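Take the sequence shown: its letter number 383 is residue 382 in numbering that gives the first Met the number 0, and every next letter is one higher.
Just so you know, not all the hints are guaranteed correct.
In the DSSO-like style, the derived pairs of lysine-lysine whose C-alpha atoms are separated by at most 27 angstroms in a straight line are [to be verified]:
no.: 1; residue 1: K372; residue 2: K359
no.: 2; residue 1: K139; residue 2: K153
no.: 3; residue 1: K206; residue 2: K133
no.: 4; residue 1: K159; residue 2: K193
no.: 5; residue 1: K184; residue 2: K153
no.: 6; residue 1: K353; residue 2: K372
no.: 7; residue 1: K232; residue 2: K291
no.: 8; residue 1: K287; residue 2: K206
no.: 9; residue 1: K379; residue 2: K359
no.: 10; residue 1: K153; residue 2: K193
no.: 11; residue 1: K352; residue 2: K342
no.: 12; residue 1: K291; residue 2: K307
no.: 13; residue 1: K193; residue 2: K379
no.: 14; residue 1: K193; residue 2: K139
no.: 15; residue 1: K133; residue 2: K184
no.: 16; residue 1: K219; residue 2: K153
no.: 17; residue 1: K193; residue 2: K133
no.: 18; residue 1: K379; residue 2: K352
no.: 19; residue 1: K359; residue 2: K342
no.: 20; residue 1: K206; residue 2: K493
no.: 21; residue 1: K139; residue 2: K206
no.: 22; residue 1: K342; residue 2: K307
no.: 23; residue 1: K493; residue 2: K287
no.: 24; residue 1: K153; residue 2: K133
no.: 25; residue 1: K232; residue 2: K206
no.: 26; residue 1: K206; residue 2: K184
no.: 27; residue 1: K493; residue 2: K232
no.: 28; residue 1: K372; residue 2: K352
no.: 29; residue 1: K493; residue 2: K159
no.: 30; residue 1: K307; residue 2: K287
no.: 31; residue 1: K184; residue 2: K232
no.: 32; residue 1: K219; residue 2: K307
no.: 33; residue 1: K153; residue 2: K206
Rather than coming from a laboratory, the hints here were simulated on the basis of the structure. Keep in mind the model is a prediction, meaning the values are calculated, not measured.
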Amino acid sequence: MSWEVQRGRNQPAVEPSILVRAEPTPTLSPKGDVPLGEVSPEVLQSLSAEPKVTGAKAHQLRGRPRPTDDVAVGLAWQFQQLVGTGPLPNAAELEAKAQSLEDRAFEVLAILTPQKIGAAEAAFDTWFTEVEAKSQRGEKLDALEHLTILHILKEQLFNKQPELAAYLPRLEVVLGASDRHFAGKERPLAQALKEGLPRRVIRAESKDAQKIHAAIFTPKEPGFAAVMAGLVKDYVPGPEAALVAAGILASLFSGAGVELLAGAVHGYLLATLIEHAIHEHIGHASNKTLEKLDGILGRFGPIGRAIKEGIESTRFSHAVIHHGSYAGSYVDRFAPREAALPKEEIERRRAEKKATLEDKASARGPADVEQLKLSDYGRKLAHALRNALTVAPVTALVTLFSGAIANAAGADLGGLFLASSVLTSLIFIPASNYLHPYLHMTKEEAFEQAGPVMRRFLETDYVAHVARNHYVHHRDAQVNQNLVAGADYALGYKASGVDVIVALRKLGTFY
Numbered sequence: 000m001s002w003e004v005q006r007g008r009n010q011p012a013v014e015p016s017i018l019v020r021a022e023p024t025p026t027l028s029p030k031g032d033v034p035l036g037e038v039s040p041e042v043l044q045s046l047s048a049e050p051k052v053t054g055a056k057a058h059q060l061r062g063r064p065r066p067t068d069d070v071a072v073g074l075a076w077q078f079q080q081l082v083g084t085g086p087l088p089n090a091a092e093l094e095a096k097a098q099s100l101e102d103r104a105f106e107v108l109a110i111l112t113p114q115k116i117g118a119a120e121a122a123f124d125t126w127f128t129e130v131e132a133k134s135q136r137g138e139k140l141d142a143l144e145h146l147t148i149l150h151i152l153k154e155q156l157f158n159k160q161p162e163l164a165a166y167l168p169r170l171e172v173v174l175g176a177s178d179r180h181f182a183g184k185e186r187p188l189a190q191a192l193k194e195g196l197p198r199r200v201i202r203a204e205s206k207d208a209q210k211i212h213a214a215i216f217t218p219k220e221p222g223f224a225a226v227m228a229g230l231v232k233d234y235v236p237g238p239e240a241a242l243v244a245a246g247i248l249a250s251l252f253s254g255a256g257v258e259l260l261a262g263a264v265h266g267y268l269l270a271t272l273i274e275h276a277i278h279e280h281i282g283h284a285s286n287k288t289l290e291k292l293d294g295i296l297g298r299f300g301p302i303g304r305a306i307k308e309g310i311e312s313t314r315f316s317h318a319v320i321h322h323g324s325y326a327g328s329y330v331d332r333f334a335p336r337e338a339a340l341p342k343e344e345i346e347r348r349r350a351e352k353k354a355t356l357e358d359k360a361s362a363r364g365p366a367d368v369e370q371l372k373l374s375d376y377g378r379k380l381a382h383a384l385r386n387a388l389t390v391a392p393v394t395a396l397v398t399l400f401s402g403a404i405a406n407a408a409g410a411d412l413g414g415l416f417l418a419s420s421v422l423t424s425l426i427f428i429p430a431s432n433y434l435h436p437y438l439h440m441t442k443e444e445a446f447e448q449a450g451p452v453m454r455r456f457l458e459t460d461y462v463a464h465v466a467r468n469h470y471v472h473h474r475d476a477q478v479n480q481n482l483v484a485g486a487d488y489a490l491g492y493k494a495s496g497v498d499v500i501v502a503l504r505k506l507g508t509f510y
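Based on the sequences and whatever the hints tell you, model everything.
Here it is, written out as structure tokens:
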């Protein structure tokens, strides 16, 4: 079977911002006569509506490609600049070229979603033609170019799209050639799709490539063993890993260090379990659960009613106020869903949504109005000290019980173990008050507000992992993912897919 790709030849370089769509429309079919679909205005609007990412360090904020009036023309123009002839580029130009290629791969990934794939033909053809030509010249593909093709084939994204399905044989050829470059040997296509890039290869690639690779090969709803195996497999030690490892090893050479370390591990387990329980059974308590509580707590008179009212207020603050505040935009509180509206209309709707949430709180009573203000519309805990004083006695009792069992088995755990465990068990409180708000900001906004220590923490892989989990929870509130990662791995976990990473990257926030 022969393949033909028809394109305009010897066309002058045209700045895409003055065009509406690519001309001529490329065609692709076994006979070369099936026109490819154009990118719809809706897709263009959705792709251009995301906020720009600027500021901070280049390696922290992956700049979005320049806005264009048409995705296909934009990709074509960018590639023309990237692969055109000219003087040998210097190191800075090579880095900029690599970054632009990575940005193009991400933009293609963005349009290859179930909601937009039907209108992706022209943009994909523009991108893939350049990647295919690169492969045919014997050049090694960028890791994200390779992973984009691998993702398409592995998830069978094109199989039910007649125009896009025509690309499949060519995609397989390009992936096979690219896999030989990366793996250093010939591998069957099925093996490449099943195993992905060798670990030694992916660990040398960019953080974005590592995250996309992990997302491609992580089961959507893995069990505890699969989650832990994936975390170990995908973990790439950073500079701080050596310091942490040295600290842990040093603690093992003294009795006090062992107690402190054992207490911290014990307290972390308690913290993640407590947060999971509070988040699921209070923050997102169902009406059925509240009805059961009403029957149980009603037997305890005023104390029982006070407890029930506290649970209902917490549920309202989190599920209604917080999730409602970010229902339109994950990084723009109170914003409407329609991001392409005029600025004045967005501000009007933002004020309207804020007023609506305040009216709902007022209708419930003064206590809920106070909670709304103290919690900054559900972005943090309203009564952090009260929460700590409530939780600490419980975790102290559990720790004393665990210590007694360990001592009976021959351990020597005392006050340091107790103190370390209780303090660590409360870390979900600072996580809620000091980390959580930054997850709902762009990186630029977060780095402007955060201090030096917090900025360093926000750059860690742990925050990136928690940020992806939190976004998944906001997209599906039934998925109970924690700020203190751990319990959700065993009690119901939904991994971050490629679409999550692409969405968070486009939003310019943490991922």
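Can you confirm whether the C-alpha distance between K342 and K307 stays at or below 27 angstroms?
violated (42 angstroms)
Below or equal to 27 angstroms on CA atoms is what counts here, so check K219 against K307.
violated (36 angstroms)
Hint consistency between K287 and K206 [alpha-carbon to alpha-carbon, up to 27 angstroms]:
Violated. K287 to K206 sits at ~43 angstroms, over the 27 angstroms cutoff.
Is the Cα-Cα distance between K232 and K291 27 angstroms or less?
violated (43 angstroms)
Pairwise hint evaluation, K352 against K372, where the allowed Cα distance is 27 angstroms at most:
Roughly 16 angstroms between the alpha carbons, so the hint for K372 and K352 holds.
Would the hint linking K153 and K133 be met if the CA-CA limit is 27 angstroms?
holds (22 angstroms)
Compare the distance between the alpha carbons of K493 and K159 with 27 angstroms, and conclude whether the hinted pair is satisfied.
Cα-Cα ~26 angstroms, so holds.
Taken at face value, is the distance from the CA of K193 to the CA of K159 at most 27 angstroms?
Answer holds: K159 to K193 is near 21 angstroms, not above 27 angstroms.
Against the 27 angstroms threshold, does the CA-CA distance of K193 and K139 hold or violate the hint?
The hint holds at about 21 angstroms.
Holds or violated: are the alpha carbons of K219 and K153 at most 27 angstroms from each other?
Holds, at roughly 14 angstroms.
Please work out if K139 and K153 have their alpha carbons no farther apart than 27 angstroms.
The hint holds at about 20 angstroms.
Holds or violated: K359 and K342, Cα atoms, limit 27 angstroms.
holds (26 angstroms)
Hints 7, 8, 13, 22, 32 from the list above are not met by this structure, while the remaining hints are.
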